[in-house]
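Below, each chain spelled out in residue letters.
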Amino acid sequence: MPLILTEEQTMLQDAADGFLNERAPIAHMRKLRNERDADGVSRDLWRAFGEMGFAGVIIPEALGGMGLGAVEAGVIAESLGRTLTPSPYLGSSILSAKVLIEGGSQTQQAWLPRIAAGDAILALAVDEGAKHAPSRITTRADRAGNGFKLNGAKAFVLDGHVADALIVVAEADEGTTLFLVDPATAGVVVERTMMVDAHNAARVTLTDVAVDADAVIGAVGGGEALLDGALNLGRACAASSLTGAGDQAFKTTLDYLRTRKQFGKLIGEFQALQHRAAHLFSELELARAVTIGAQLAIDEGREDASLAASIAKAKAGRVAELAVQEAVQMHGGVGMTDEFDVGLFMKRVRVLNELLGDAGFHAERVARAQGF
Amino acid sequence: MTELEQFRAETRAWLEANCPAECRGPLGDDEMIWGGRDATFKTPAHKLWLERMGARGWTAPEWPAEYGGGGLSREHAKVLASELRRIKAQPALASFGVWMLGPALLAFGTEEQKKRFLPEIVRGEIRWCQGYSEPGAGSDLAAIQTKAEDKGDHWIVNGQKIWTSYADKADWIFCLVRTDPDAPKHLGISFVLFDMKTPGVTTRPITLISGKSPFCETFFDDVRVEKANLVGTLNRGWDVAKYLLAHERTMIGAMGEVGGGRPVGQVALDAIGADEAGRLDEPMLRARIADLEIDAAAFRLAMERVGDQVKAKQAHPAIASMLKYYGSEMNKRRHELLMAAGGADALEWEGERSHDGKTARDWLRTKANSIEGGTSEVQLNIIAKHLLQLPGA
Numbered sequence: 164m165p166l167i168l169t170e171e172q173t174m175l176q177d178a179a180d181g182f183l184n185e186r187a188p189i190a191h192m193r194k195l196r197n198e199r200d201a202d203g204v205s206r207d208l209w210r211a212f213g214e215m216g217f218a219g220v221i222i223p224e225a226l227g228g229m230g231l232g233a234v235e236a237g238v239i240a241e242s243l244g245r246t247l248t249p250s251p252y253l254g255s256s257i258l259s260a261k262v263l264i265e266g267g268s269q270t271q272q273a274w275l276p277r278i279a280a281g282d283a284i285l286a287l288a289v290d291e292g293a294k295h296a297p298s299r300i301t302t303r304a305d306r307a308g309n310g311f312k313l314n315g316a317k318a319f320v321l322d323g324h325v326a327d328a329l330i331v332v333a334e335a336d337e338g339t340t341l342f343l344v345d346p347a348t349a350g351v352v353v354e355r356t357m358m359v360d361a362h363n364a365a366r367v368t369l370t371d372v373a374v375d376a377d378a379v380i381g382a383v384g385g386g387e388a389l390l391d392g393a394l395n396l397g398r399a400c401a402a403s404s405l406t407g408a409g410d411q412a413f414k415t416t417l418d419y420l421r422t423r424k425q426f427g428k429l430i431g432e433f434q435a436l437q438h439r440a441a442h443l444f445s446e447l448e449l450a451r452a453v454t455i456g457a458q459l460a461i462d463e464g465r466e467d468a469s470l471a472a473s474i475a476k477a478k479a480g481r482v483a484e485l486a487v488q489e490a491v492q493m494h495g496g497v498g499m500t501d502e503f504d505v506g507l508f509m510k511r512v513r514v515l516n517e518l519l520g521d522a523g524f525h526a527e528r529v530a531r532a533q534g535f
Numbered sequence: 127m128t129e130l131e132q133f134r135a136e137t138r139a140w141l142e143a144n145c146p147a148e149c150r151g152p153l154g155d156d157e158m159i160w161g162g163r164d165a166t167f168k169t170p171a172h173k174l175w176l177e178r179m180g181a182r183g184w185t186a187p188e189w190p191a192e193y194g195g196g197g198l199s200r201e202h203a204k205v206l207a208s209e210l211r212r213i214k215a216q217p218a219l220a221s222f223g224v225w226m227l228g229p230a231l232l233a234f235g236t237e238e239q240k241k242r243f244l245p246e247i248v249r250g251e252i253r254w255c256q257g258y259s260e261p262g263a264g265s266d267l268a269a270i271q272t273k274a275e276d277k278g279d280h281w282i283v284n285g286q287k288i289w290t291s292y293a294d295k296a297d298w299i300f301c302l303v304r305t306d307p308d309a310p311k312h313l314g315i316s317f318v319l320f321d322m323k324t325p326g327v328t329t330r331p332i333t334l335i336s337g338k339s340p341f342c343e344t345f346f347d348d349v350r351v352e353k354a355n356l357v358g359t360l361n362r363g364w365d366v367a368k369y370l371l372a373h374e375r376t377m378i379g380a381m382g383e384v385g386g387g388r389p390v391g392q393v394a395l396d397a398i399g400a401d402e403a404g405r406l407d408e409p410m411l412r413a414r415i416a417d418l419e420i421d422a423a424a425f426r427l428a429m430e431r432v433g434d435q436v437k438a439k440q441a442h443p444a445i446a447s448m449l450k451y452y453g454s455e456m457n458k459r460r461h462e463l464l465m466a467a468g469g470a471d472a473l474e475w476e477g478e479r480s481h482d483g484k485t486a487r488d489w490l491r492t493k494a495n496s497i498e499g500g501t502s503e504v505q506l507n508i509i510a511k512h513l514l515q516l517p518g519a
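In the order they appear, the protein sequences are chains A and B.
Each step along the first sequence adds one to the number in the numbering used here, with nothing skipped, and position 350 is 513.
Each step along the second sequence adds one to the number in the numbering used here, with nothing skipped, and position 51 is 177.
One thing to keep in mind: the hints can contain errors.
What the hints assert, rightly or not - Per the computed footprint, the stretches of chain B lying under chain A, defined by three or more beta-carbons under 8 Å from a beta-carbon of chain A, are:
(1) 390–399
(2) 503–510
Stated by the list, open to error - Distance condition first, Cα-Cα at most 25 Å in a straight line; then the derived DMTMM-like pairs of lysine to aspartate or glutamate:
(3) B/K368 - B/E275
(4) B/K439 - B/D365
(5) B/K437 - A/D177
(6) A/K312 - A/D391
(7) B/K214 - A/E463
(8) B/K439 - A/D180
(9) B/K437 - A/E463
(10) B/K511 - A/D418
(11) B/K240 - B/D365
(12) B/K204 - A/E170
(13) B/K204 - A/E466
(14) A/K294 - A/D391
(15) B/K439 - A/D177
(16) B/K437 - A/E170
(17) B/K439 - A/E171
(18) B/K439 - A/E170
(19) B/K458 - A/E527
(20) A/K414 - B/E503
(21) A/K424 - B/E503
(22) B/K204 - A/E463
(23) B/K353 - B/E237
(24) B/K437 - A/D462
(25) A/K428 - B/E503
(26) B/K214 - A/D467
(27) B/K204 - B/E192
(28) B/K511 - A/E432
Unchecked claim - If you only want the chain A side, here are some residues facing chain B, beta carbon under 8 Å, derived:
(29) P165
(30) I167
(31) Q425
(32) A435
(33) Q437
(34) F444
(35) V453
(36) G456
(37) A477
(38) K478
(39) G534
FYI, nobody ran anything at the bench for these hints, they're computed from the structure.
From the three backbone atoms N, C-alpha and C, an ideal C-beta is built for every residue, glycine too.
Please construct the entire structure, taking both the sequences and the accompanying hints into account.
Structure (structure tokens):
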């Protein structure tokens, strides 16, 4: 497949950009932040997002979604990266929905129409320590009666503080297992974490949390493949958000280079800045190509899809990091102000970089996959 | 089975039957098959491989079949490329005719020129060189001084070119000459073709830091050039030159790809060894190689994406500068890492063990990648001006 958007995908992009620019521009995020909103995310906006179909982009049509693929999921993620909109999209519509689509029982899949409608928010609790390390889960799932008892501590759970249900990744004797957990269950403590980018996550502690056997998603010990599929898609979407945020910061910077005057000249006339801008442009082209490449690999069910998602996440992360750093530097003093937007992009990119494995994590995967 | 799947199956079968065993696996830069009147082949099998691929037009898969090309759509050409990669087939032909002149002839050439030159190029029967740079016209290419004097049905050409790749081995040259000395510098240039055996043409190889001589100084002393061999409009050769440069830049950018040989990580493992976990036993180098491979994978996709954009008529012509800039800088990085991976072994300059210092010589050769075909700095200028529309660029 060509590495460019189809006509339908371009229409989806226009719709997502249009909706977000109108309903949730950067001012929306600033308002939630400045008013210290209790949730840090707007349920009303999320429902409207659902009405547009965006929240159900990957959910099958029979379950109320659009039934589309990773490229389309990435299109929406990129738009969200441009407007910095706090939204449960990645945690609920992508990571959690993907787990339930692939492994959920009929009862569990009843969540999917609600996710698609923006009525329900689900959160995936995978990380535990400071770094993403899904192969070193320490949260335990021990058999107790007809079900399991969960013990452990989860961190960086996207939108966990507003989640109607949690998908908890734990280790059972049989191996990695995924559980659908009601946050109201005794022993579950959810603490919202205020993050640098004013987006939302939570720490979740599980102390002797009793769940029935039917809380298991898929098979006991069969969580790894389910988790991998969701993480791959999540990483490819995060790569899109990174590309969107990096590109938007770049566009803002280009505007500044074309209008700001010093020494009687537009600063964009200085070759020292032109060459850095041209280099960054090149890097962004690579980020775009590698990101859609990974999404196509996922949609085509290719063997290298997991590796491709890692490469995309690493590359888009590094490029976006460069883009926001150059943005602040080239804006000079105004880039350091809270009033100006470029600093917000820097914060968002830092969070997205850490999410689902940073560039170092993914470079390690690449090295291992290539056998060195 | 879709038509494309059918094509893949047929292509796979044909390649299995027709790509000789000797033509699979890595091919050294020195062993490339350039074709031409005085063609040399690594083995007889390589000659056969060129003949077979040339006969199908698959040395230029996307050129129209009426001019000897493969007549394939981009999607079919992608399938062919992936099937060639699958069996690690060596390129049947390395050719400035295919990479540079051909696309310019297709866009600007007369019907007669296309019919005369393109089929020969596809079959590898003619080897071309490029007469662009001059001692006083490097980055400022439009400053060329080589003069073509109008003599009615022909011109008399006098002047000097430099950095002419393989001029001493080429059959014909495509050359920029000044046909109007009074016009502004971009508007007095014409694009002409002539035989390197024409009286008055001499070449002198230039020895590079790699010890090799891929480039020449080329001198023209009252060289007769027929007017029928003008490509495009008189005095508008700069348009042809720019168009062709875009293809050249894409080609140089792609060198990191085709000239890649064995993956750097494997080279390093052989030289340095692995730790107990099977990782390269040099963690800092390992991290740098992994970063390179990430960039290389992203660059491959960026090249493919630009190709898709060209096909969909969404590409900006200046995008070739991005590929040239990024690909050549990346190739330099790759060879720095190959030197680091090779350590002291990579420092040998002569002798059989090192294939006469192949690693070191290749490393040095790549330093020209960001100079030839327009320096990295010129590419960045072009990006700033044409793609970013920055002021005063």
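_For a C-alpha distance cap of 25 Å, please report whether B/K437 and A/E170 respect it._
Since the Cα atoms of B/K437 and A/E170 sit roughly 15 Å apart, the hinted pair holds (cutoff 25 Å).
*Does A/G534 meet its interface restraint, that is, does its C-beta lie within less than 8 Å of any C-beta in chain B?*
Because about 7 Å separates A/G534 from the closest Cβ in chain B, which is inside the 8 Å limit, the hint holds.
*Hinted contact A/A477 with chain B - closest CB pair below 8 Å*: holds, 5 Å
_A/V453 as chain B interface residue, shortest Cβ-Cβ below 8 Å_ = Holds, because the Cβ-Cβ distance from A/V453 to chain B comes to roughly 4 Å (cut-off 8 Å).
*When you check the alpha-carbon spacing of B/K439 and A/D180, does it fall within 25 Å?*
holds, 24 Å
*asked:* Hint validation: A/F444 versus chain B, beta carbon distance must be below 8 Å. Holds or violated?
replied: holds, 6 Å
*Holds or violated: B/K439 to A/E170, with C-alpha atoms at most 25 Å apart*: Roughly 14 Å separates the two Cα atoms, so the pair holds.
_Pair hint outcome, B/K439 versus A/D177 [Cα-Cα no greater than 25 Å]_ = holds, 20 Å
*A/K428 paired with B/E503 [C-alpha distance capped at 25 Å]*: holds, 22 Å
*Measure nothing beyond the straight line between the CA atoms of B/K511 and A/D418; if it is 25 Å or shorter, mark the hint as holding.*
holds, 14 Å
*Under the criterion that the straight-line Cα-Cα distance not exceed 25 Å, is the pair B/K439, B/D365 satisfied?*
Roughly 19 Å between the alpha carbons, so the hint for B/K439 and B/D365 holds.
*Does the stretch 390–399 of chain B contain three or more residues whose Cβ lies closer than 8 Å to a Cβ of chain A?*
holds (count 4)
In this structure, the earlier hints numbered 31, 32 are contradicted, and the remaining ones agree with it.
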